[in-house]
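A.B. asks: Chain by chain, the residues:
Number of protein chains: 2
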Amino acid sequence: MAETKDVSIIVSTLLTLLEEKKYPTIKEILVTMNPADIAAAFEEMEENRLPVLFRLIPKEAAAETFVEMEPDLQELLIRGFSDNELKEVLDELYVDDAVDIVEEMPANVVKRILAQADPELRQDINEILRYPENSAGSIMTIEYVTLRPDMTVKEAILRIRRTGFDKETIYTCYVTSYSKLIGYLTVKDLLLEQDEDTLIKDIMDQNVIFANTHDDREEVVKMLSKYNFIALPVVDSELRLVGIVTFDDAMDVMEDEATEDMEIMAGITPSDKTYLKSNVFEIFRHRIPWLLLLMVSATFTGLIITKFENALAAQVVLTAFIPMLMDTGGNSGSQSSVTVIRALSLGELEFTDLLVVIWKEIRTAILCGSALSIACFGKIMIVDKFLMRNDAVTLSVALTVCLTMVLTVMVAKVIGCTLPMIAKKLGFDPAVMASPFITTMVDAISLLVYFGMANILLFGV
Amino acid sequence: MAETKDVSIIVSTLLTLLEEKKYPTIKEILVTMNPADIAAAFEEMEENRLPVLFRLIPKEAAAETFVEMEPDLQELLIRGFSDNELKEVLDELYVDDAVDIVEEMPANVVKRILAQADPELRQDINEILRYPENSAGSIMTIEYVTLRPDMTVKEAILRIRRTGFDKETIYTCYVTSYSKLIGYLTVKDLLLEQDEDTLIKDIMDQNVIFANTHDDREEVVKMLSKYNFIALPVVDSELRLVGIVTFDDAMDVMEDEATEDMEIMAGITPSDKTYLKSNVFEIFRHRIPWLLLLMVSATFTGLIITKFENALAAQVVLTAFIPMLMDTGGNSGSQSSVTVIRALSLGELEFTDLLVVIWKEIRTAILCGSALSIACFGKIMIVDKFLMRNDAVTLSVALTVCLTMVLTVMVAKVIGCTLPMIAKKLGFDPAVMASPFITTMVDAISLLVYFGMANILLFGV
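Protein sequence lines correspond, in order, to chains A and B. Each residue of the first sequence is one higher than the one before, counting from 1 in the working numbering. Each residue of the second sequence is one higher than the one before, counting from 1 in the working numbering.
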């Protein structure tokens with residue numbers, strides 16, 4: 001039994017044994033380890049030790065360990081493999097895993113992989129590579145169990161026993177007739193059927209839920225999660241079964257998509273590499289575009305302030321409240337936008353809900369804005385006026401700030417909920433419309449409101 | 001075949017048929033639908049139609065449909081059920097689903113559920129309710145297949161056939177000896193084993209990976225996703241098998257946890273209810289605490305500005321650059337914090353990486369800060385000085401702004417990466433240390449740097 005959270009102990013053990021050339025002992029340890037854990041241990045080691053260690057992994061676990069490693073280690077190992085060793089690993093890979101690896105490797109490594117792959121595997125890889133990135137076709141596997149409708153349960157179980165070895169999942173079997181998907185059933189259905197002569201067509205479920213090769217992978221994951229399926233069949237435009245997406249790949253996509261959304265919401269161009277694996281220039285390249293864009297767009301706020309310079313010079317005290325107003329506006333807006341973006345990506349919201357959402361946000365904004373204003377009024381009168389004895393803080397100044405607050409929160413929440421929904425409708429990623437972008441807009445608007453209020457309440461313009 | 005993305009057509013069909021009392025036709029439609037789709041359709045209907053429609057769902061799909069519905073509909077239906085109807089639905093539920101329902105219902109409904117449940121089910125529900133919220137124990141199911149080590153493959157398959165009906169998954173079977181978990185094997189292993197007389201102990205995998213009942217549910221999901229398991233066994237403190245967590249529940253947890261992280265990062269107290277189901281007061285209650293806290297903490301920025309009022313009065317032009325500096329600082333900080341928070345929650349980062357992370361962020365900050373400064377300098381000289389002909393914008397002002405920019409980005413990135421890691425170390429949720437909180441801190445620091453720079457470069461203090 002092994003629940004390995006910390007790999008450092010196993011790493012040092014393996015390295016010591018390697019130093020002492022105790023290869024049989026290393027083999028005995030590796031045989032007890034899960035491929036994912038071996039891969040994690042490999043990540044912690046010096047690169048020159050890996051080729052030797054990899055050759056000590058039991059044959060049946062080697063390919064799976066290889067799949068679990070990060071692309072840079074995979075590349076390193078492939079470069080060290082003899083043609084024969086490469087072929088051995090490739091023969092054990094599922095097609096979808098082979099495709100993932102090919103997608104990450106530089107051109108010369110890909111060339112070697114395709115040269116060593118079976119003609120059949122090579123063709124399958126090329127087939128899947130043709131599907132658009134992030135489509136159902138690009139993440140599906142083509143190894144699944146098909147049954148014919150006129151088989152008996154007994155024949156079906158025999159077929160699974162005979163052909164199931166190289167299938168990624170045998171637990172959902174698909175029934176096809178002339179390549180068309182006409183039904184499905186689970187191994188549970190087969191095993192729990194008491195009469196072995198029952199025909200498949202009599203017990204299969206004909207209401208198959210499927211995805212199309214060109215569907216977005218996010219849709220596929222949503223369906224798998226909604227229906228609690230182990231695998232979802234993928235069909236081509238003529239409803240012919242061409243692949244399946246299994247739950248484990250769906251979980252990876254789910255994690256990737258959530259990470260991607262968070263990154264985009266924070267103004268970062270998404271990256272496939274983990275943080276620790278990325279070098280400083282890569283991190284820089286993923287962060288600087290938004291920072292530059294947002295800095296330049298902050299020019300507008302600067303221009304607004306310049307325009308009202310005289311007002312500010314007359315009442316310098318107004319400046320002191322600018323950060324608070326801007327931050328509160330930004331925070332209010334990002335609360336709304338993040339809520340809406342997440343609801344959109346989980347499929348809880350549609351564009352048709354736009355008016356419902358706006359109305360909800362307006363009412364929420366009135367509540368939040370009022371509560372904030374009252375608190376802000378109290379804070380200004382108690383802290384700024386009485387405690388700090390700032391004579392420039394008059395009742396009119398406090399009113400100007402508090403009224404601006406209500407309006408800013410309102411504007412921020414309406415913009416925050418509307419922009420992501422419009423972005424989605426126009427076919428953009430709603431996450432782009434998250435806090436950084438909305439903050440810049442809300443900043444400009446809140447300043448305009450602020451100076452407008454000041455003109456009315458303080459300068460009587 | 002049915003891939004139902006839009007339920008509105010089916011809803012109107014069902015309602016029309018209901019109006020015309022064509023119950024047999026409704027039954028025929030419902031039998032072709034997946035429970036998740038029936039539940040989605042129910043969500044769109046007026047509440048008074050639901051009890052009648054629910055009774056028309058085929059018996060074997062009724063319980064599953066019930067599980068897929070939102071708590072408010074479940075409550076409505078339970079209140080309408082006769083004791084007998086309630087018992088029928090309860091008898092079909094898996095224990096983990098029954099627990100989920102009990103957790104969402106008000107006390108009087110729970111009382112009725114427990115009264116109608118089988119004594120065994122009632123005991124099981126109470127057992128699971130005792131585990132801490134968000135623990136492995138609280139999300140596990142106790143219906144799984146156990147095998148004895150001395151069974152043959154044939155006996156094992158027979159046992160699955162005899163007892164598998166009410167198990168949530170039969171695909172991974174756990175081998176126990178005196179209740180202790182000693183191994184596992186999959187139905188695939190059983191089916192693909194050619195010799196029916198092979199003993200289970202000879203083909204089982206003894207390296208079982210498991211969770212403990214008190215482990216955090218997030219850990220369980222991480223393990224399931226890492227090892228690509230259909231189910232993960234859960235053991236008590238004496239290594240006795242007490243339940244399993246299946247992949248579909250893990251996917252739900254994964255989605256919930258990602259939503260929760262995004263909400264917390266945007267300064268929203270997480271909520272179990274979907275956005276559209278939450279009323280305005282609930283949304284208000286989840287958003288106002290952070291808005292208030294952040295507004296009050298913006299007092300510091302206000303105080304800093306007040307303190308440097310004279311400098312600002314002398315050089316009003318400085319005010320125009322405050323929003324840009326603050327926003328750039330905020331954006332830089334939130335890029336770092338979101339990256340680190342996500343990496344922490346995916347297990348890619350540990351507290352021991354702190355120095356590596358800080359060093360990486362410092363170098364990234366130097367690159368980002370320099371690029372931003374150069375762009376900013378160009379923008380100030382071209383837009384503000386030459387295009388807008390603002391004479392107050394001198395070379396010294398531009399230098400003050402640009403140097404502040406570099407320092408602000410640096411401070412923002414270091415704070416942004418450090419705080420979440422420290423929070424995690426101290427046992428808090430790192431997501432709390434995301435943009436809103438960091439923005440407020442970075443605002444204050446960037447203003448201090450700004451005025452410090454201005455004192456040196458502009459006023460020669």
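Calculated from the structure, these hints are not laboratory results. Keep in mind that the hints are not guaranteed to be accurate.
Once the Cα atoms are required to be at most 30 Å apart in a straight line, the calculated DSSO-like pairs of lysine-lysine come out as [to be verified]: (1) K59(A) to K277(B); (2) K360(A) to K277(B); (3) K277(A) to K154(B); (4) K188(A) to K226(B); (5) K154(A) to K222(A); (6) K222(A) to K188(A); (7) K167(A) to K226(B); (8) K188(A) to K385(B); (9) K167(A) to K277(B); (10) K188(B) to K59(A).
A.B. asks: Take the C-alpha atoms of K360(A) and K277(B), compute the straight-line distance between them, and say whether it is at most 30 Å.
C.D. replies: 11 Å, holds
A.B. asks: Check the hint pairing K188(A) with K385(B) against an upper bound of 30 Å on the C-alpha distance.
C.D. replies: Since the Cα atoms of K188(A) and K385(B) sit roughly 75 Å apart, the hinted pair is violated (cutoff 30 Å).
A.B. asks: Under the criterion that the straight-line Cα-Cα distance not exceed 30 Å, is the pair K222(A), K188(A) satisfied?
C.D. replies: Distance of about 24 Å is within 30 Å: holds.
A.B. asks: Given the proposed pairing of K188(B) with K59(A), does the C-alpha separation stay at or below 30 Å?
C.D. replies: Given pair K188(B), K59(A) holds - Cα atoms ~19 Å apart, limit 30 Å.
A.B. asks: Decide if the proposed pair is consistent with the structure: K277(A) and K154(B), CA atoms, cutoff 30 Å inclusive.
C.D. replies: Measuring from Cα to Cα gives roughly 49 Å; hence the hint is violated.
A.B. asks: Hey, K154(A) versus K222(A), does the alpha-carbon distance stay inside 30 Å?
C.D. replies: Roughly 34 Å separates the two Cα atoms, so the pair is violated.
A.B. asks: For the pair we were handed, K188(A) and K226(B), check the Cα-Cα distance against 30 Å.
C.D. replies: 25 Å, holds
A.B. asks: K167(A) and K226(B) were given as a pair; does the straight-line alpha-carbon distance stay at or below 30 Å?
C.D. replies: 20 Å, holds
A.B. asks: Given the proposed pairing of K59(A) with K277(B), does the C-alpha separation stay at or below 30 Å?
C.D. replies: 53 Å, violated
A.B. asks: Checking one constraint from the list: CA of K167(A) to CA of K277(B), max 30 Å. Satisfied?
C.D. replies: 42 Å, violated
Checked against the numbered hints above, the structure violates hints 1, 3, 5, 8, 9; every other hint is satisfied.
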